[in-house]
Amino acid sequence: MAWDVKLGTVLADLSTDIGFDLGIPGLGLETEGDITLGVEWELDLGFGLSFEDGFFFDVSDPHELLFDFDVTLPASIVGTLAFLELRGTDKSLDFDPGAGTDMRNTGLGATFKVDLFDDGGGGDGKIGFTEFGDLGLNAGVAASATAALGLELGLSGELFSEIFGEGAGDVIAGFPKVTSDFLFLWELGSRVAGGSLEDIGNNSTFLSFGDLGNQGFAAIQEGLQVVAFENVALDLGTFLS
Numbered sequence: 036m037a038w039d040v041k042l043g044t045v046l047a048d049l050s051t052d053i054g055f056d057l058g059i060p061g062l063g064l065e066t067e068g069d070i071t072l073g074v075e076w077e078l079d080l081g082f083g084l085s086f087e088d089g090f091f092f093d094v095s096d097p098h099e100l101l102f103d104f105d106v107t108l109p110a111s112i113v114g115t116l117a118f119l120e121l122r123g124t125d126k127s128l129d130f131d132p133g134a135g136t137d138m139r140n141t142g143l144g145a146t147f148k149v150d151l152f153d154d155g156g157g158g159d160g161k162i163g164f165t166e167f168g169d170l171g172l173n174a175g176v177a178a179s180a181t182a183a184l185g186l187e188l189g190l191s192g193e194l195f196s197e198i199f200g201e202g203a204g205d206v207i208a209g210f211p212k213v214t215s216d217f218l219f220l221w222e223l224g225s226r227v228a229g230g231s232l233e234d235i236g237n238n239s240t241f242l243s244f245g246d247l248g249n250q251g252f253a254a255i256q257e258g259l260q261v262v263a264f265e266n267v268a269l270d271l272g273t274f275l276s
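Residue numbers 36 to 276, in my numbering, belong to the letters of the sequence shown in order.
Calculated from the structure, these hints are not laboratory results.
Backbone N, C-alpha and C define an ideal beta-carbon position, used for all residues, glycine too.
Watch out, some of these pointers could steer you wrong.
[Stated by the list, open to error] What follows is a set of in silico ranges between Cβ atoms, one per label pair, in the way DEER data are often shown:
| # | residue 1 | residue 2 | range |
| --- | --- | --- | --- |
| 1 | 227 | 154 | 23 to 29 Å |
| 2 | 174 | 201 | 42 to 48 Å |
| 3 | 136 | 85 | 35 to 41 Å |
| 4 | 154 | 74 | 18 to 24 Å |
| 5 | 249 | 210 | 50 to 56 Å |
| 6 | 140 | 74 | 16 to 22 Å |
| 7 | 37 | 185 | 48 to 54 Å |
| 8 | 171 | 138 | 33 to 39 Å |
| 9 | 240 | 210 | 42 to 48 Å |
Between the sequences and the hints, there should be enough to build the whole structure, so can you do that?
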């Protein structure tokens, strides 16, 4: 006889917008849309009884405990500095165009796992009372931070509207601006987001904390995969066209 106990819950599902204002005209940071935070955990533990093993724990699952947090950034972020405005809009971009497609959007997240296993080499995935000394534990993490943004750098319509009136903002909107796609990708292991927490655990590649401790800062440094500006162009706008 064997039983499989699954426990888990969503600890947090929050959303909020941010604004950063120092009280200085022309200096600020705000979002259009909400930042969402999700936190979830899942425990999958099996145990059973048999004539051969007596009471035992089933440790054949690749991850007995999963803990995940995921942050989804808003549709756009707008920063102003003096008379300049930089707008970053989330978009789906290909991070691996040379080897197929790897479409990603802006976001960050991390999944932690704890895997119990038979360190005695029994191979049956069972740990009985007399085998507790063979119980092994492997903890790891898969994390990623991605920025996939369409950037626009131009004059701040909001600032000019505050100084010269609302009509000035409409005029400034037609002025030239620099546009570009910005791609940033940093990873520890390989976290495959989407689907259930169990899907994330099964499809991701985890970096063990032992390896992370041995590699130290090198693991963080090597996690930087992509930093690139693509499709840089000058949009002349309607004012000069």
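Next item on the list: Provide an ascending list of the numbers of those earlier hints which the structure does not satisfy.
Entry: 2, 3 and 4
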